[in-house]
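Peer 1: Just so you know, the protein sequences line up as chains A and B, in that order. My numbering numbers the first residue of the first sequence as 1 and each following residue consecutively. My numbering numbers the first residue of the second sequence as 1 and each following residue consecutively.
Hints should not be assumed to be uniformly reliable.
With a straight-line Cα cutoff of 30 Å, these simulated DSS-like cross-link-like pairs (lysine-lysine) come out [said to hold, decoys possible]:
{"no.": "1", "chain 1": "A", "residue 1": "K37", "chain 2": "B", "residue 2": "K124"}
{"no.": "2", "chain 1": "A", "residue 1": "K59", "chain 2": "B", "residue 2": "K259"}
{"no.": "3", "chain 1": "A", "residue 1": "K87", "chain 2": "A", "residue 2": "K141"}
{"no.": "4", "chain 1": "A", "residue 1": "K380", "chain 2": "B", "residue 2": "K57"}
{"no.": "5", "chain 1": "B", "residue 1": "K391", "chain 2": "B", "residue 2": "K477"}
{"no.": "6", "chain 1": "B", "residue 1": "K373", "chain 2": "A", "residue 2": "K87"}
{"no.": "7", "chain 1": "B", "residue 1": "K373", "chain 2": "A", "residue 2": "K88"}
{"no.": "8", "chain 1": "A", "residue 1": "K354", "chain 2": "A", "residue 2": "K21"}
{"no.": "9", "chain 1": "A", "residue 1": "K88", "chain 2": "A", "residue 2": "K135"}
{"no.": "10", "chain 1": "B", "residue 1": "K266", "chain 2": "A", "residue 2": "K59"}
{"no.": "11", "chain 1": "A", "residue 1": "K59", "chain 2": "A", "residue 2": "K220"}
{"no.": "12", "chain 1": "B", "residue 1": "K124", "chain 2": "B", "residue 2": "K266"}
Calculated from the structure, these hints are not laboratory results.
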Amino acid sequence: MQIIIVGCGAVGTTIIDQLSKEDHNITVIDLDAESLKDVVDSYDVMGIVGNGASYTTMKEAGIEEADLMIAVTQDDELNLLSCLIAKKAGNCNTIARVRNPVYKQEVGYIKEELGLSMVINPEEAAAQEAVRLLKFPSARKVETFARSRVEMVTIQIEEGSILTGKTLQQLQKELKSQVLFCVVSRGSEVIIPDGSFVPQVHDEITLIGRSKHMISLFRKMKLPTSRVHSTIIIGGGSVSFYLIEQLIALGVDVRVFEKNKERCKELSNILPEALFINASGTDRDMLMEEGLADAESFVALTNIDEENIMLSLFAKSMSKAKRIIMLHHARYGDLVDTLDVGSIIDTREITAEKIVQFVRGVSNSLDSNIEALYAINEGKAEVLEFLIREGAPVLDIPLAEMDLKKGVLIAVVLRGNEVVHPRGDTTIHVGDRVIVVTTISGMGDIRDILNKR
Amino acid sequence: MNYAMIRFVLARTFQLMAVLLLLPLLVALVYAEYNRMLIFAGLSAFFFVVGYLGAFKKPENRLFFAREGFLMTALIWITISLLGALPFRISGEIPHYVDAVFETVSGFTTTGASILSDVEVLSKSTMFWRCFTHWIGGMGVLVFMLAILPLAGGSTMHLMRAESPGPSVGKFLPRVRGTARVLYLIYISFTVTEIVLLLITGLNLYEASTLTFSTVGTGGFSITNDGINPYPLASQIVIIVFMIICGINFSVYYFFVTKKPKEALKSEEMRWYLVILFGVATMIAIMLYRANITATPGESFHHALFASSSIMTTTGFATLDFNLWPQLSRTLLFMLTLLGACAGSTGGGFKVSRLIICVRRIKNELIFSTHRKSVRQVYMDGHRVESTTVKSVMTYVSIYAFIYVLSFVLISVDGFDFETNCTAVAATLNNVGPGLGMVGATGNYGAYSVFSKIILSLDMLAGRLELIPLMILFRPKSWRGD
């Protein structure tokens with residue numbers, strides 16, 4: 001596909017990183033020659049210095065032949081204008097990042113009138129992710145497939161869990177669960193486990209299955225299954241705003257720590273149901289006074305990554321709350337993962353993931369047949385949803401006889417409204433949606449899961 | 001340092017050479033030169049096996065950076081030169097290996113400087129290989145590999161940048177592979193067109209193809225001792241046209257093909273190139289006519305244009321011996337030797353675009369001297385030239401001057417006259433071929449000592465790879481570390 005990306009900041013670069021692996025022709029437009037040079041040096045893309053909203057620059061980037069234009073600069077208005085120009089000049093799909101809450105009510109109107117294919121608000125997307133996690137507090141990460149019929153949940157094995165010390169085969173027998181153990185992250189390693197795999201304490205396991213099976217498995221593991229009822233949020237930024245709004249709608253008791261008095265007033269004006277406390281999140285006594293010890297969840301959303309990490313560790317020492325932190329910048333490699341900071345949400349990563357999912361959908365109608373994609377552990381493993389078409393090489397072969405590549409697992413087959421848990425004798429039919437878990441990146445077609453003959 | 005990747009790419013180079021040797025093998029077959037056939041077949045098989053073994057274990061980590069890119073480029077060019085010289089040496093047609101290497105380097109770098117005093121004694125297939133090296137080197141070995149090999153990833157741009165001529169190398173398609181393919185597509189279509197046109201003007205297929213290789217690669221090896229003079233006027237005109245075409249930045253043709261002629265005509269470099277070329281040709285034509293070297297004004301202009309375009313595009317063909325022309329004509333041709341063709345073409349030299357940037361930079365510097373607080377930038381083709389590019393052009397000038405002077409001193413050890421040595425370095429460093437004096441259009445480089453031949457070979461490589469890769473290769477620190 002011919003893709004033009006306007007803006008190569010953090011989100012832009014993450015999108016380029018993902019899409020350049022997938023056989024797309026990418027042109028990047030940015031005003032800053034320095035950062036553009038970095039991108040062009042590290043990825044096989046073409047860079048053009050210029051204003052993305054300028055028709056001349058767009059033409060130079062080949063907007064007439066483009067299939068998709070993604071505008072992810074810092075500036076909402078510039079993004080929208082770029083989309084408008086691209087739509088008029090190239091009649092292509094357009095995606096804009098729009099983060100100003102003012103436009104939130106108008107997203108539908110803007111999309112319609114400007115002919116946008118997708119509008120993404122990183123802060124809102126991050127808040128939605130946080131809400132999903134608070135609804136399912138035992139999980140580190142929750143994603144849904146196939147109109148929410150199938151869930152993908154990542155949990156961490158804690159000390160004394162019934163999952164440790166036995167092979168997966170034994171566990172499957174004992175627990176009589178339909179849920180599939182599909183990816184394990186151990187330290188920096190990502191494994192697709194087989195029946196003889198033995199889970200250890202601190203492993204992060206990703207499970208795939210139907211929601212009701214998932215809940216019954218969690219009950220057997222004696223993990224909480226109901227959503228949280230109270231939460232403490234540190235920081236009153238825009239992610240907090242969206243999060244509070246959604247939590248209040250769910251009837252959660254929300255307490256928000258915000259240093260800036262003006263901001264407190266502003267927020268309490270719009271969201272009177274929440275309790276705003278004009279204090280720093282690092283104020284230990286204040287936290288205790290507001291009931292940290294009994295809080296069911298704790299969300300650190302300040303602008304400073306290090307502060308979020310420390311706050312989470314502090315909350316861990318004081319309570320049993322479900323913890324979520326926001327990270328903006330570096331992950332310090334895998335260091336943060338070893339600290340047990342709880343669930344991590346990263347606006348940049350979420351935005352990029354959503355856009356890449358959309359791109360796969362568009363290119364699906366062109367040449368590939370991936371329906372959706374989710375990255376696990378910063379893309380070390382991927383979960384892909386394929387639509388099976390006429391002539392696919394996997395048709396009518398029992399799974400047991402399929403010559404699958406190493407590091408590929410067929411997790412779920414969706415047939416109409418039915419969710420099929422694959423077994424050795426399961427066969428795949430035309431029209432099925434197959435969910436595949438893999439450690440191989442850049443797959444574009446269902447035939448890529450098979451060894452070449 | 002990713003040694004595994006360097007090994008892998010070098011092994012692929014061996015395999016590429018094995019494939020390329022099949023063409024002269026075919027020629028040997030057609031002309032029944034069985035002894036030569038055996039040599040080409042044997043070498044091809046040998047290179048293929050070595051390449052196969054070397055590339056057997058694929059590197060796990062395919063990521064590499066600018067440093068590896070430059071080193072790979074320099075190593076690949078040295079490798080193909082050393083390997084490409086073997087047919088000359090084994091067949092005994094060039095008895096000394098250093099001479100054979102000089103001839104091959106001269107071929108691949110599209111210089112066209114020869115150590116042979118009589119080229120007509122060469123066998124057909126060897127002669128074909130000699131001219132074919134021009135064609136391979138013209139657009140670049142690495143660009144070719146990038147076009148056909150699956151070397152995907154962001155790293156490949158480091159290779160393209162290291163091999164392609166010009167102050168700032170860009171892509172005109174989003175991906176390296178696409179760009180490399182388009183470049184070769186244009187190159188191949190020029191080649192085919194010229195062969196067909198030369199056939200129409202009455203040359204046979206062998207003459208047409210060898211001369212075409214030398215023209216489109218802007219190389220300059222001819223297959224007779226009298227250069228291009230023996231061929232009909234129509235053929236000479238075809239050659240002039242294609243020399244000029246191949247001296248222009250290939251992205252111009254891409255814009256023409258994609259129906260963006262405005263973009264194409266915007267190229268200031270192309271316009272200056274044509275202005276300088278025709279300006280000098282006209283001046284020389286007037287001098288030739290007034291000095292009674294040529295009979296009619298038409299004939300004067302023909303020879304003047306042939307010489308000017310041949311020198312400026314760094315081809316180095318000759319119709320008449322311009323060594324005997326008036327002093328000012330010789331000087332003008334020497335200036336064209338130093339200047340060279342456009343960036344992104346198959347021609348070598350300093351490049352017109354570098355001259356444009358230099359002149360504009362100097363102008364800004366003058367304005368800055370009188371207006372202390374003025375802020376001005378260098379523009380070309382309506383775009384601002386990045387200050388890093390301007391800086392690299394200035395650095396290029398210094399390195400160029402330094403290498404020029406050093407080589408000049410080193411080859412002067414052989415004791416030849418000032419003019420010969422001075423133009424020999426210029427003609428090799430700019431990949432032109434013929435200089436003045438002893439190394440003029442009718443002379444050759446055979447008289448130089450082994451040491452000087454090695455120096456001049458390195459000059460040719462340095463000129464073709466635009467100085468930097470070779471400098472990095474010889475800097476011990478480049479090899480150290482991780």
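Peer 1: Now tell me, hint by hint, if it's right for this structure.
Peer 2: Evaluation of the provided hints:
Using a Cα cut-off of 30 Å, the hinted pair K37 (chain A) and K124 (chain B) is violated, with the two alpha carbons roughly 49 Å apart. Under the criterion of a C-alpha separation no larger than 30 Å, the hint pairing K59 (chain A) with K259 (chain B) is consistent with the structure, at around 13 Å. In summary, the hint linking K87 (chain A) to K141 (chain A) is not supported, as the alpha carbons are separated by about 36 Å, beyond the 30 Å threshold. Among the hinted pairs, K380 (chain A) with K57 (chain B) is consistent with the structure: their alpha-carbon atoms are about 24 Å apart, no more than 30 Å.
Restraint check for K391 (chain B) and K477 (chain B): satisfied, since their Cα atoms lie roughly 23 Å apart, inside the 30 Å limit. This hinted pair does not check out: K373 (chain B) and K87 (chain A) have alpha carbons roughly 43 Å apart, beyond 30 Å. The hinted pair formed by K373 (chain B) and K88 (chain A) fails the criterion: a straight-line CA distance of about 43 Å is larger than 30 Å. With a C-alpha separation of about 16 Å, the suggested pair K354 (chain A) and K21 (chain A) falls inside the 30 Å cut-off, and the hint holds.
As the CA atoms of K88 (chain A) and K135 (chain A) are separated by approximately 42 Å, the hinted pair breaks the 30 Å bound. Restraint check for K266 (chain B) and K59 (chain A): the C-alpha separation of about 15 Å stays at or below 30 Å, so the hint holds. Of the supplied pair hints, the one linking K59 (chain A) and K220 (chain A) is violated, its CA atoms being roughly 60 Å apart against a limit of 30 Å. Between K124 (chain B) and K266 (chain B) the CA atoms are separated by roughly 44 Å; this puts the pair beyond 30 Å, and the hint is violated.
The structure fails to meet hints 1, 3, 6, 7, 9, 11, 12 from the earlier list, while all remaining hints are met.
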